[in-house]
Structure formats: C-alpha cells, structure tokens
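Protein chains in written order, with our numbering: chain A, 1 to 376; chain B, 1 to 329.
Source of the hints: derived by calculation from the structure; they are not laboratory data.
This structure is a prediction, so every number in the text was calculated from the model and none was measured.
Each residue gets a CB set at the ideal place from its N, CA and C atoms; glycine is no exception.
Keep in mind that the hints are not guaranteed to be accurate.
[Claimed, not checked] Ranges of calculated distance between the beta carbons of each label pair, as one might list FRET restraints:
| id | chain 1 | residue 1 | chain 2 | residue 2 | range |
| --- | --- | --- | --- | --- | --- |
| 1 | A | Asn87 | B | Thr172 | 48 to 54 Å |
| 2 | B | Leu131 | A | Gly311 | 42 to 48 Å |
| 3 | A | Glu247 | B | Gly77 | 32 to 38 Å |
| 4 | A | Glu347 | B | Asp130 | 33 to 39 Å |
| 5 | A | Lys127 | B | Met45 | 41 to 47 Å |
| 6 | B | Gly32 | A | Lys329 | 56 to 62 Å |
| 7 | A | Gln261 | B | Leu131 | 29 to 35 Å |
[As the list claims (entries may be wrong)] Residues from chain A shown here face chain B by an in silico Cβ test under 7 Å; the list is partial:
| id | residue |
| --- | --- |
| 8 | Asn68 |
| 9 | Gly94 |
| 10 | Pro186 |
| 11 | Ser187 |
| 12 | Gln191 |
| 13 | Glu197 |
| 14 | Ala227 |
| 15 | Ser234 |
| 16 | Gln245 |
[As the list claims (entries may be wrong)] Straight-line C-alpha distance at most 27 Å; calculated DSSO-like pairs for lysine-lysine:
| id | chain 1 | residue 1 | chain 2 | residue 2 |
| --- | --- | --- | --- | --- |
| 17 | A | Lys75 | A | Lys350 |
| 18 | A | Lys167 | B | Lys171 |
| 19 | A | Lys326 | A | Lys127 |
| 20 | A | Lys308 | A | Lys214 |
| 21 | A | Lys167 | A | Lys178 |
| 22 | B | Lys28 | A | Lys169 |
| 23 | A | Lys67 | A | Lys207 |
| 24 | B | Lys171 | A | Lys170 |
| 25 | A | Lys127 | A | Lys244 |
| 26 | B | Lys171 | A | Lys244 |
| 27 | A | Lys214 | A | Lys115 |
| 28 | A | Lys75 | A | Lys124 |
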Amino acid sequence: MKLSRKNGLRATALGALAVSGALVLTACGSDDNTGASAGGKKTGAASNIKCDDAKGQLLASGSSAQKNAMDLWVKNYMAACTGVEINYKSSSSGEGIVAFNQGTVGFAGSDSALKPDEVTESRKICKGGQGINLPMVGGPIAIGYNVPGVKDLVLDAPTIAKIFNDKIKKWDDPAIAKLNPNAKLPSTAIQAFHRSEDSGTTQNLGKYLGKAAKADWPYEAEKKWPAPGGQAASGSSGVAAQVKQAEGAIGYFELSYATSQNIPTVQIDTGAAAPVAATSENASKAIAAAKVKGTGKDLALDLDYTTKADGAYPIVLVTYEVVCDKGNKAESLGTVKSFLTYTASEEGQKVLSDAGYAPIPAEINAKVRETVNGLS
Amino acid sequence: MAITTDNAPAPPAAKKPGSAGTGRAGDKIFLGLSRGSGILLLVIMASIAVFLTYRASLALSVNEGNFLTTFDWNPAGDPPTFGIAVLLFGTIVSSVIAMVIAVPIAVGIALFISHYAPRRLAAPLAYVVDLLAAVPSIIYGIWGALFLVPYLEGLNLWLDEFLGWTYVFEKTEIGVARSLFTVGILLAIMILPIVTSVSREVFLQVPRMNEEAALALGATRWEVIRLSVLPFGRSGVISASMLGLGRALGETMAVATVLSPSFVISLHLLNPGGGTFAQNIAAKFDEANELGRDALIASGLVLFVLTLLVNGAARLIIARRKEYSGANA
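Sequences are here, hints too, so could you generate the full structure?
Here is the structure:
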C-alpha cells in the first residue's frame, strides 16, 4: 500500500513536471511566433533583414548600457535569419574590449571609444587592420530627482556640477531658485547619488560637466566617481531606487530607469530658447551636432556638449560596436556584417526610441552603414 | 579498561584467511583516501595563496601609493595609486559591529531553543533560524537597501540624539543610512543562523548528568545554565562565532548593495561612507583593467591573510580552553 501510494505521488509529480514543462515550452513557442510575425516570419519578406552569409554562432560582449537595444535587435534578427545564433553577453565595456582584444568575440560593445593603447593591442587580433568604433546606440542620461511638490525642475550645467560637487546643499539655494522662479522649493537637504562602481554613465556625465561647466567641475572624466561627498549606490537601478526612496535626492541614470519608475527628470537650461527635457528625440538632436573624430574607418564621435540648438538634450551617451576594419575572423565576418547592417539600418534604429534609447542621426548612420559594408 | 582488555584478544582470533585481508585492504584504501583529501586541501590552499601572491606582486610593483596607507583606489589612474587602509578599517569595523549584535542574540536564541522552549515550539523555531541561512545574500542586499535603510533613519536620529556624545554615534552628515553601521546590522542578521545552530548543537551536548547534578543541588534553571551549560559550551560558541565572523568578513553582494562606499576612514559610524574588501572587489572588478584586477587580487590576499589570522586566533583560544571542550567530556 505504502509503496503504491509513493509511486502514485511520484507519478503525479512527474505528471505535474511534464505539464509545466510543456506549458513553458509552449509559452516560449508562442513568444517566438509573435516575435517572428512582428519582425517578419518569412526571411527577408516583411522585414528588410538581409541574412546574406550569416551562419552559425556569433559571440559578442560588452557594455550593459546597450543591453536592452541588443536584446531587441538579436530577437528580431534571429527571428528573420533562422539558424544564426547571436549571443551578446552584457557585462561591461572594459570586459568587452578585453574579450575583443583576446579574439574571443566577433564584436564588442563599449560606451567609450577605444583608447590608443587598446587600438595598438587590437592590431594583434585584426590581421592587417585594427579595431574601429561604430556608433550604434545613443541615449540620454537623465537626471532624476525627488522633491515633493516640485514639477518640471530646470537646472543648468554649472548648477548640476555644484550639486554633485557638494557646493549646493539645499534645494532652496538661490542658484536653483533663480532657474525655477515659479517653483516652491523646500529647504530640504540635497542628497546627491552617484554610481558606486566604475561606470561609463559616470564617465559620460563627467565629460558633459567638464565641457559645459568647466569652472565648477575640475575633474577628469573617468569611470570612477571623482567628486567628494554625496552618496553612492550600485548600478543604475540602485541609484534610481535610492532617488525614488529618499526625499531630497538627485541622481543620474539612463532614461529608461526614470520612465519605468516614474521618476521626474531635470530639464536642462542649455541656453536654447526653452529648457530641454530628457527624451530620445532630444538626445538624437544633440548627437546630430557631433563630429566624427576617428580617422580612416574609425567613426568615434566628438560630442558637442555645449550645443545650444533648440531641443537638443546635451547629456548623452553613445555606445559603439567595436570591430576590426580588416582581418575579421572568417567564420564570423558574414554574421557580423549582416547583423550590424541590420542594427544600423533605418529599421534597426527605429527600434531604439521605443526602448528609451536615441537613434544615431542619419548622416552619421549612413557612414556607419558604408563602413560596415566595407568590413573584411 | 575492562572493555579494552576484553577486546584485545579479538584481532588474533579474527586472523582467519580471507576476512583479515579485506579488512586491511579497506584500511589501506581508506587511509589513502583520507590522506589524499588532507593533502588535496593543503594543495588547494597553497595554490590559492601562490596565485594571489603572484598576481598581487604584479600590481604592487607599479603602485605609486603606499598599499597600506593610501586612502584611494585608482589603479587605472596615471600613475596608478591604491591602498587598502579604508577597506581594512571598514571590513573590521562592520564585522565587529555584526559580532557585537549577533553573538549575544544567537546565544540567547540557542539557549531558548535548547533549554527553555517547549519542545513543540523549539523544533519549528530552530528550523526557521536555519532557514535564514538559506536566503541568498543578494536578497539580503535588496531587502537591506529597500527596507532596512529607510527604516534605520529613525534609529540613527535617536542614536545621534542620545548617544551623540560618544562621538561614534554622532551623525554629522545628512543622508540616508547607507553606512557601516547599517552594514553591521545586516551582517548580524546574516550570520545569526550559523552562530545559532552551532551554539544550539553544543548546548544540547551538555552531559545530562552535569545538569541534573546541578539541579539536585538546588540550582535554578538560570544557575544550571550559568554553571554547567555556558562553561561547557564556551569553546563551541567561540567556534560558532568564528564561523560567523568568517562569513561577515567575506560578505560581498549584500554589502555592495547597502553601503555607500567612499574612501574615507571615519569613526562616525552613522555617516555614509567606508568600504570593505569584498564589496570593493565586487564593485570594481567589472570595469577594471588588467592592473586593476591585479590590484583587487592584492586586496583579496589581505582579506585571505586576515581570515587566516582570525581563524588561527580562534584555534588558540579554543586550545586554551580544552578542558571544557566536548572532545574531553
């Protein structure tokens, strides 16, 4: 009796497992179907993804800032090109570049362009060529705040620098009041939050403050937070959580964290006709003011952080895909070209704004496509 | 004695062909296996030490700052400078806070479960305490950051008001409680289960006769505990505390999530700031370059040595109290 009951139990357990397993599988199946029908089930028919010589498995790794964009691209691409598998491991720019220079990945994602010594190192892997930067994803870095009763807060670069540099300590400071004549600012203490780990977001904010508020931000733009004072939290999610929680807090993170958690963001007074809000569209406008500083096929950008163009949000971050201009590995070249052609295409860039990123402006994007086409 | 003399003639009697052979082979195999395991452990320890020392020496040879006294961590800088002063201070202080809070509570819980609680309550309670150990540390981290930190602000203000004169509990910076003190509290909760369950096991080992003898002499329950349970269990509680201390010293993710790190040494425990070895490694490893990783490994080596020292000290204390240890009872 006992035995049979045990067996019965086991059978039920097995049955339950099988059922839930089947459910999981069907769930995956239906997911894939919707993805495929959205992205075009018949290869190259509904979508313009060209699979060309793509085949096998492609490994890539790097910046987590472009993770969400990569996820969407990979999903759409793999739905269109069956039999190709792309695996983007989002870790960090540093890790991505190390992996690239060791030759273990087809391309790396990075939120800052290769440094000269990294380019030198890349020559070992890129036979007859070198590593180049292809700007692929742009995005606004939003400055979120938590001041009850204050909506549409406006700040300019020097004020932001002073806040993060521990020079402005109260929300009703005259410098803030001057920029927000209509707001009822409380006398709460300002708690400025920054990233506790090294981060490309920190570096890009540093670049902006260094250019747009030189006098108040005397630090080099590094991945490590340079200024004294303030509090730290780990990851964009950590900073966003603290800003949401602590009254009087202010912090910086990618826009998507602000939208998903309903954190109000600062509008920047750039000197343009009206203060500029952090949106994908406005970030694209600022990236449009960038100049290509890379030589040859390298398309590293020199962003104009002091732009006064109407509606251009100046605190932006551009992430690059790092590839070899010549000497890419034969087995991955076809896939890399085909995939990057898709990500740089109009269709690929359009996906970005839905995910809180900013598309790369058309002029630069055209150069990216040309360069991708010439990869060998 | 009588038993051993009775048993002594037994081996020759068992010296029958066949059976003795297998017994000896088993002995030999088991001896080999256990000796192999022992040696393997030493080899693993040695190889960890060699690896850490080698990589650490690479970083230390180019460090422009003093490794022991520099208040900064910037191996990517030009020139690279990094030092462990802040990390060593933070690691020790947060662990000490954790121990001060956790050990008395753990001993209390262990005594309650082993000697006071009705049996119907004791078993589930012990189970719940053990369950605390099963919670992954990142969960503690998230809980700490989202729940503990905001709720500790009140306690911090209270400590500041009534104990501010001690300097240690004086709060001089505004800001939420992402401090070493908060980390200490969180670590205390995390090491509670291991200290509790080992202590409880030890308290249950107290010879029944000792307790009954004390009771027979008219001791109250508290006196029984004070005169027989605690002295008997002391070395066990010390071992348990050291296990907990080991966990507190090396805790990574929870600390990294809760602490607001900065390279300052401050005795104002309620102010945000400070850092620990493990937290610093977790925070810096991802974006570090080759040298940065070696530098982090150098700091890991210091943590390794620190843990060895703590364990060594614990062994010494236990050895000095051998007369009470369970092995001789």
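Checked hints:
1. A:Asn87 to B:Thr172: 48 to 54 Å: About 49 Å separates the Cβ atoms of Asn87 of chain A and Thr172 of chain B, which means 48 to 54 Å holds.
2. B:Leu131 to A:Gly311: 42 to 48 Å: violated, 55 Å
3. A:Glu247 to B:Gly77: 32 to 38 Å: 35 Å Cβ-Cβ, so the 32 to 38 Å window holds.
4. A:Glu347 to B:Asp130: 33 to 39 Å: violated, 55 Å
5. A:Lys127 to B:Met45: 41 to 47 Å: Hint holds: Cβ distance 43 Å, inside 41 to 47 Å.
6. B:Gly32 to A:Lys329: 56 to 62 Å: Violated, at about 48 Å.
7. A:Gln261 to B:Leu131: 29 to 35 Å: Given a distance of about 31 Å, which is inside 29 to 35 Å, the answer is holds.
8. Asn68: violated, 18 Å
9. Gly94: OK, holds: Gly94 of chain A within 7 Å of chain B, min 4 Å.
10. Pro186: violated, 14 Å
11. Ser187: violated, 12 Å
12. Gln191: Since the shortest Cβ distance to chain B is 5 Å, the answer is holds.
13. Glu197: Holds. Min distance 4 Å.
14. Ala227: violated, 10 Å
15. Ser234: holds, 5 Å
16. Gln245: This interface hint holds because 6 Å falls under the 7 Å limit.
17. A:Lys75 to A:Lys350: Cα-Cα ~15 Å, so holds.
18. A:Lys167 to B:Lys171: holds, 20 Å
19. A:Lys326 to A:Lys127: holds, 7 Å
20. A:Lys308 to A:Lys214: holds, 16 Å
21. A:Lys167 to A:Lys178: Holds - the C-alpha atoms of Lys178 of chain A and Lys167 of chain A are around 16 Å apart, at most 27 Å.
22. B:Lys28 to A:Lys169: violated, 74 Å
23. A:Lys67 to A:Lys207: Holds. Lys67 of chain A to Lys207 of chain A sits at ~22 Å (cutoff 27 Å).
24. B:Lys171 to A:Lys170: Holds, because 18 Å separates the two Cα atoms, which is no more than 27 Å.
25. A:Lys127 to A:Lys244: violated, 49 Å
26. B:Lys171 to A:Lys244: Measuring from Cα to Cα gives roughly 23 Å; hence the hint holds.
27. A:Lys214 to A:Lys115: holds, 23 Å
28. A:Lys75 to A:Lys124: violated, 32 Å
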